[in-house]
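Participant: Since the structure of chain A is provided, determine the placement of chain B on it from the hints.
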Amino acid sequence: MIQESPAYFKENIKQISEDENLRRIVRKATSLTLSKRSDLVTEYYSEGKDWEALRNQAHEIRKKTIDNLDTYLTDLEDHFERNGIEVKHAINASEACSFVLRILKEHNTRLVVKSKSMVTEEIHLNDKMIEAGIEVVETDLGEYIIQLAGETPSHITAPAMHKSRDDIGKLFSEKLGVPFTNDPAELTAYARRFLREKFLKADVGISGANFLIAETGTVVIIENEGNARLSTTLPKLHIVITGIEKVVPTLEETATLLKLLPVSATGQKATSYVSFINSPAKVKEDARPGKIIVILLDNGRKEILRRQEVREALYCIKCGACMNVCPVYQTVSGHAYGSVYPGPIGSILTPFLTTLKESKDLAYGSSLCGACSEICPVKIDIHNALLWIRSYAVQKKYTPFIERMLFKLWRIAMENIFVYNFGRSLLKFLQPLWSDYKDFPPLAEKSFHQLWKEGEIWNKNS
Amino acid sequence: MEQELLNKFATELIRVGGEFSLASSKIEILKIVNKILSQKGCNTAVLSSHPFFDSLKEMGKGESGINIFTIEQILSLAGESDYTNLLREKLSQTDAGINYAEYLIAETGSAVVVNTQSEPSYLSLLPEISIIVSKSNRVVKDMSEALNRLRTENLFDSSGCITFITGPSRTADIEKVLITGVHGPKKLYVIVINF
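The listed protein sequences derive, respectively, from chains A and B.
Taking the numbering used here, the leading residue of the first sequence gets 1, the next gets one more, and so forth.
Taking the numbering used here, the leading residue of the second sequence gets 1001, the next gets one more, and so forth.
Excised from the complex, chain A in its bound form:
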């Protein structure tokens, strides 16, 4: 059983590492997305445009925004109000959930349709709504699949990445009572039919947001399926739940980020739909929700803002490219992390959304190769932030006692040649104890030190 807690990272990995089928599916999906992305980047250069310059520009936009977050949030809120969009601030998950539940109750809600939103996963909103007796339907195909399976997303942009077509076929025939098929087109058609009915009956639509434009008071939602458009236009009430870091100062700057996000996320120049939602319907002929409420969530984000060493994590535009490219993610896949946000960026965010004590192991789930920082469209220095979290965990004495002692001994040995030589002579006895999972490299006959003394090094070079 995979545990939904970062404290079980190591245990989860042990279990998942035995599932070769899962690794095959995840590797195939991540490498396909990566190759589509790199084709587009190559094409971008071939058209005489500079992808690297675009990344730098995006980094500057995100830096400016996060460094002046309070100013832009005030600006955003003013413009939301001018446009007739209500705004609420939630300090943490439970406050956000109780806002939503209160609103739903006020509107006598029976059925909620949801479009994909990681923030609602973060605050475990679905459980709360279901407990309150409200029917909740996820409408993104991937999210619908995992909702039927009773699971959590394993990737932020491809939530059902870990499921094979056979898994999904079985799931649909079991839960929806349709004849078994593993044909993606037929499965998608079933979902369309079942979900269309829900869309038309829904009282409230809940979505996240990709960007919130401060100067115009606009909610921007990016998607391919059309489920976000349906969720945000058919019901009478639209609730947006999103993090405070999603603000972008201007329309122009949003355009820059819009160029980077789909390429990095799914290897597309543009997704099928980009919706710019400015205001609720003013008259019935608008045929859109008459009310829009935006809930801006903190939930640990201000703590990240205060920590200079990890602040860049708030630049994240949630493309998921760092997950696709990470050799650790490719091997262990999303559920192992036991966190809503898996992979490299998730390993920085999670300690602040939960506690460092329970999630410190995540930062060690990285080879520090830097592929994440290299692919990041907004140039977050991900691997160095992970390194900082490790050192901070050591400082806080969250690492095991025995580990800290061993490193103390190591330091003594490294500073004294006699202790070092003595320690080295013991290595051959320690070798079998090294690890159950890694092969220890064979020891050389003579140490470098001995070879040097005997003049062997010079002989070889001459």
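Read the hints as simulated data drawn from the structure, not as lab findings.
Keep in mind that this is a model prediction, so the values were computed, not measured.
Straight-line distance between alpha carbons at most 20 angstroms, and here's what the computed SDA-like set of lysine to any residue pairs gives:
(1) LYS284(A) - GLN1073(B)
(2) LYS36(A) - VAL1177(B)
(3) LYS318(A) - LYS1176(B)
(4) LYS201(A) - SER1081(B)
(5) LYS291(A) - ASN1085(B)
(6) LYS1176(B) - ILE25(A)
(7) LYS36(A) - THR1180(B)
(8) LYS1176(B) - LEU40(A)
(9) LYS1008(B) - VAL41(A)
Residues on chain A that point at chain B, a partial pick, calculated with CB under 8 angstroms:
(10) GLY142
(11) ILE168
(12) PRO184
(13) LEU187
(14) GLU285
Even glycine gets a Cβ: it sits at the ideal position worked out from N, Cα and C.
Facilitator: Quick look at chain B alone, frame taken from chain A:
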């Protein structure tokens, strides 16, 4: 320059699974629409009430036996009853929706649809076939130019909701296999009139 942008737009649209046609006159738009509708075996279509279509309101009638309603007609049909419900019902049963795009974006092959009372958001979303009409002098370079133009022409702030549409509705959530028409249109046609 305009030709170059239009070519780029057509290339990108086709790449994302959309279909492109060029019309030399408004009458030709009619012909193309009718051809698409009859090819696809459509019986009903709903037409936007955008002023662009004013002279084409009678389009399709008699020629192919396809019933074309306009948004205005649905509105007057609703009378005192619930317009939104009627609109949903009509658009759920209709085969095709016909929209006007304020701009076309060359770099990405996108159509910029401003959702208003004369063409509400459902029109380009609920029917399985989406037909979008625009003019050749409305092709812009990229998203940032489209957003700038929307603002300078006072379309951005005045509209409650604007949508950039790039190809048909799609998903790759099952083993990364691309499927179109998951929640929205299966097919997207863009007709550009030379202006």
